[in-house]
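Whole structure, please, built from the sequences with the hints as guidance.
Those protein sequence lines, which keep their order, are chains B and P.
Note that this note's numbering gives residue 224 to position 224 of the first sequence, counting from 1, and the numbers run on in steps of one.
Just add 1000 to the spot in the second sequence (first one is 1) and you have this note's numbering.
Be a bit skeptical, because a hint or two may be false.
Claimed, not checked - A partial selection of chain B residues facing chain P, derived with a Cβ cut-off under 10 angstroms:
#, residue
1, 37
2, 122
3, 126
4, 143
5, 146
Keep in mind that the hints were calculated from the coordinates and are not lab data.
Note that the Cβ used here is the ideal one computed from N, Cα and C, for glycine as well.
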Amino acid sequence: MTAGLLSAPLLWLLLFFIVPVGFIAAYSVGAIGIFPTDAGVVSFDDWARFLRGDTIYTGLFWKSVRMSLTVSVAVVLLAYPIGYFLALCVRKRKYVLLLMIIAPFLTSYLLRVLAWKVILGDAGVVNSLLFSLNLRNPDDPIQWLLYSQFTVMLVLAYVWIPFVALPIFASLDNLDRSMLEAAGDLGASRLKTFWRVTLPLSLPGVVAAFVFVFVPTIGEFVTPLLVGGTSGYMYGNAIQDSFTRGIDWQFGSVLAMFLLLVVAGLMMLFGRFVQVRSVAG
Amino acid sequence: MNENELDRLFAQNTDRRGFIKLAGMTTFGAALLAACKKAAEDGGGGGGGGATSATGGIVRPPIAEEPGGLQVFDWSGYGNGDYYPKEEKDFLWGQYLKNTGDTPEFILYENDDAGYTKVAAGATYDVVHPCGYKYKDWVDLGAVQPWDTSLIPNFPNLNTKLMESGVIDGQQYFIPLDWGFIAPLVNADHVDTSEEDTMGVLFDERYAGKIAWVDTLNMFHVAGLFLGVSDPYDMTDDELIEVRDFLISKKPLVRFLWNQSYDFWLAFKKEEVWAGYAWPDTVGYADSKGMNYKYMKPKEGRISWVCGMGLFADTDNYFHAHEYVDSWASTVAAEFLLAYYYYGHTNTQVDLSVVSPGIIEALGLDDPTVLEPPNAIPESYMPRRDLYAQYWAEVLAS
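Here it is in structure tokens:
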């Protein structure tokens, strides 16, 4: 019975995930190729070239890790109060508010990113405000607001905050309230209750939230493409370019497989902390 | 921002979305497609492998028996209606629609390399529209077959010399149609235009943060010319490394790399950038907005491009495709490209009196040698494209 129920999703996973990953792995060693110039012989040279760490892509990988970590930490810090407020402070219309938080997901991702271009441009909302307050000379707008690493991180954070508030909300909402009452009865201040009871109990949600942001953003390529300029280029862009421009599918596959292995490793590590039950509500 | 600009922004959004979709499909679908193609080749007894000759005595069904629904694999704004929905249809394929009653389907690519890659990965359509320096790559891929020019009534009106660029292995694999230049476009209010025109404005420290490059291998040609290499399309190892390192050293001056010409125009208009690598369409926009600009004729030379239509080897719409190209080769199509995009056209029968003087000046239409060296440096085939691509990827990742 269980096997029967599982077969459809397993087949789906096999066809649209496992098999394609197998293809990428095969490309990465040159077992299959598509261009007339492809050698068509199996070779681990590209893996060796990448793993030796003397290509420009190692630095790019660490840059993406750094950017992604910054975004993940910032997002979790900003989303925690939202989750906390919704789970523990709001009594009425909790789910209406929750719906409002995730409302941005109902509009196009590209539209939201393009809106940031209007806000951050040289003649955008922020710079115009500074001009009109005489805080900045109109001939000298703040340029790093748009087309920079900062822009990529800002937009990514903006996009992920509502999403990340959900697992935090779920873990806080499931909190046994009697624990908080007990802490109060035993004389703990509200701050102490938070540090000693609420935060530790919500940690699985926090870790899950962190993973929810870190994993997709480390391979991000759309946001850097739209607002990153020359300095916001990320590891995901290098992968995308390798494939879509036909620069080098074999090396692109090496880059993609490496990222997949890193992410899979992280998932296994974090999997120990995250109990699915605790965040699924 | 006025209403018109908002419309543009939304149009651009759709455009982007199309591209993202395409990019996603390329990466995801290509692996499967390639595998299928591989399997088909392996199982196909190893025969064929090349384009079928147009004159090989093949019996083709008449146009009435062809399936129609011509699939055109093209750039955005060349008939799909991204920029001028009504005019693109009326002028570029109005004649086709009239003659065949068929409405083509447009599938877009973002740049030459992306289009080529998608087809290399197994995708196939009826007609494709690459630029000259990629022609040989398409033929080598076995993806295209020669045209039968006798089926294209407008063919004799096209510039004979330029048609030669579409001939590979003695056969007319491509029908060159639209052409233009690649040169720096600068905002004359901010950039000193009293100096001699040079590609160097794209690498000039004085304009740090106000420069836009294009996100293609063409930056190697521009930088190569600026540094004085002998052949920017076939550089030596040392030259390639020199140009790569030069580009890496100058990249911090660059605000962004454009993928869509219109993105560059928006930034140029808002003065987010003052100088950029530009196609003539941007000149057209700048002209229509009355901007104080200069489209340079750099002392290193103006790079020219000519793009042409290719016919897929396995098309079921052989005669439809010829009708489509004939529509594109007409004076009506030529005048549309000139007036709306400031692009030249290989049709020599265009009545220049209907073309605005600004366009004639920008493209040098009154000078028959404008596309010939030394007036222009035509884009040409890059035998070592892979290395260029690898180095460009390194510039991007640096």
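Hints and how they fare:
| no. | hint | verdict |
| --- | --- | --- |
| 1 | 37 | holds (6 angstroms) |
| 2 | 122 | holds (5 angstroms) |
| 3 | 126 | violated (14 angstroms) |
| 4 | 143 | holds (5 angstroms) |
| 5 | 146 | holds (7 angstroms) |
The structure fails hint 3 only (numbered hints given earlier).
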